[in-house]
Amino acid sequence: MKVVSLDPRVARLEFREEHWHHQRPLRKGEQWPTYEVFQMKKRGTQAVHVGIVHAPSPEIALAFAKEQYTRRGTTVRLWVVPSDQIYSTAPEDEVIFATTPEKIHREPFAYKVKEKIERYKKIRKA
Amino acid sequence: MTAPYQSAVRELLFKMADDNLIMGHRNSEWVGLGPILEEDIALNSIAQDQTGYAWRLYQMLHQMQEADPDSLGFLRQPREYKCCHLVEYPIVDNGIGEYDFTLARHFFFDHAQLLRWDLLRTSSFEPLAQLAAKAMGEVRYHVFHANVWLKNLLEGNEESRQRMTEALMRTFPLALGIFEPGPHEAVLNNEKIFAGEDMLKSQWLDRVTAFLHSLDVELPDVTSVEPVYGGRYGYHSDHFDNLIAEMGEVLRAYPDAQAW
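One line per chain: the protein sequences are A and B, in this order.
Number 72 in this note's numbering belongs to position 72 of the first sequence; there are no gaps in the numbering.
Number 1073 in this note's numbering belongs to position 73 of the second sequence; there are no gaps in the numbering.
One should not assume that every hint holds.
Label-pair ranges, simulated between beta-carbon atoms [to be verified]:
(1) B:Val1222 - A:Thr74: 56 to 64 angstroms
(2) A:Thr99 - B:Leu1037: 37 to 45 angstroms
(3) B:Tyr1233 - A:Thr75: 38 to 46 angstroms
(4) A:Val113 - B:Arg1207: 53 to 61 angstroms
(5) A:Ala126 - B:Met1199: 56 to 64 angstroms
(6) B:Pro1181 - A:Thr74: 35 to 43 angstroms
(7) A:Pro91 - B:Ser1160: 49 to 57 angstroms
(8) A:Ala47 - B:Arg1140: 17 to 25 angstroms
These are computed hints drawn from the structure, not numbers from a lab.
The C-beta atom is built at its ideal place from N, Cα and C for all residues, glycine as well.
Construct the complete structure from the given sequences, taking the supplied hints into account.
Have a look at this one:
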């Protein structure tokens, strides 16, 4: 059964059924490149990677990132970086980061806990 | 509040509210149809801001003994609306529609909005000054969004530059209709409610002319262009009656429905 849309926007634009399965190769410029988005939530803090946007230029990437990633919470600044400008290790090189349980002395857990204890002591005193 | 002061404020609130309601509605017609997902979200977030200003402005009118915001927004007679023709045009209409027109309208409209809110920050009508302070940041983003799109399309390829330029030229007379002087300009100015449409228009012309000039687009001499007037006195474009009928359809069918 053919359903006729009651949505005025759809009716106006005359979407035709043959368009739904229409496929052809992408033309140059049709698929925009991606930009990596970094958000700074407070002044003086680090900008943290929050995701990507598709955009035809860095400025438009900023305009899109603002809506994609800053609608909740606070933001003081956004960065965008073209994804293809990022140098990355290869996925198959993941093993080079493996650490072994014997080298636990390299982990800074002990120091973190120490700081916490010191802070707690101070609060108790005060 | 003296009677002339009240009338002047009312007229200003109605035209601003109607402009924002209709502009927000037209922009929202792109929901799900925008050129790309991210842009769909960005434009419709702008539409949402605009509908929000309309609601706040109708609220102010409601506090001045006008009807409730739903009735003001959806149930008045077409002649009672005071929006300019620019905001009334549909997004697709045998050539005048399309995204180039949407962006040209967005550019002209939001530059005017930003300057209007800026002038209203010192308004003697306190509720408007407060809303202006809040709206400034959002509308600054609207202008940023419009500017980057125009820059990209005007500096894109031959086709994008030509289409964007043509859309700007076609839309310019409609945009000048924003500044149609109302019946209370002197009171608005003397009572320090709002500096007036002439002041706004000259600031706006400086801004949009300078921006477009930086992209090698020259608008025609403003004295040679016939602005599309009438909206501020209730005379609207051919698209308007149908639009208002459609917008109020649900509320008329179900008067208890929550419209906002």
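Q: Just tell me: holds or violated, for the beta carbon distance of Pro91 (chain A) and Ser1160 (chain B) against 49 to 57 angstroms?
A: violated, 37 angstroms
**Q.** Distance restraint hint 37 to 45 angstroms, applied to the beta-carbon atoms of Thr99 (chain A) and Leu1037 (chain B)
**A.** Given a distance of about 39 angstroms, which is inside 37 to 45 angstroms, the answer is holds.
Q. Taking the beta carbons of Ala126 (chain A) and Met1199 (chain B), is their distance inside 56 to 64 angstroms?
A. holds, 58 angstroms
Q) Is 38 to 46 angstroms right for how far apart the beta carbons of Tyr1233 (chain B) and Thr75 (chain A) are? A) This hint holds: roughly 43 angstroms between Cβ atoms.
Q. CB of Ala47 (chain A) to CB of Arg1140 (chain B), is that within 17 to 25 angstroms?
A. Since Ala47 (chain A) and Arg1140 (chain B) have Cβ atoms about 21 angstroms apart, the given range 17 to 25 angstroms holds.
(Q) Can you tell me whether the CB distance of Pro1181 (chain B) to Thr74 (chain A) sits inside 35 to 43 angstroms? (A) For Thr74 (chain A) against Pro1181 (chain B), whose Cβ atoms are near 42 angstroms apart, the range 35 to 43 angstroms holds.
Q | Cβ separation of Val1222 (chain B) and Thr74 (chain A), checked against the hinted range 56 to 64 angstroms | A | violated, 42 angstroms
Q: May I ask you to test the hint 53 to 61 angstroms on the CB atoms belonging to Val113 (chain A) and Arg1207 (chain B)?
A: holds, 57 angstroms
The structure shown violates the earlier hints numbered 1, 7.
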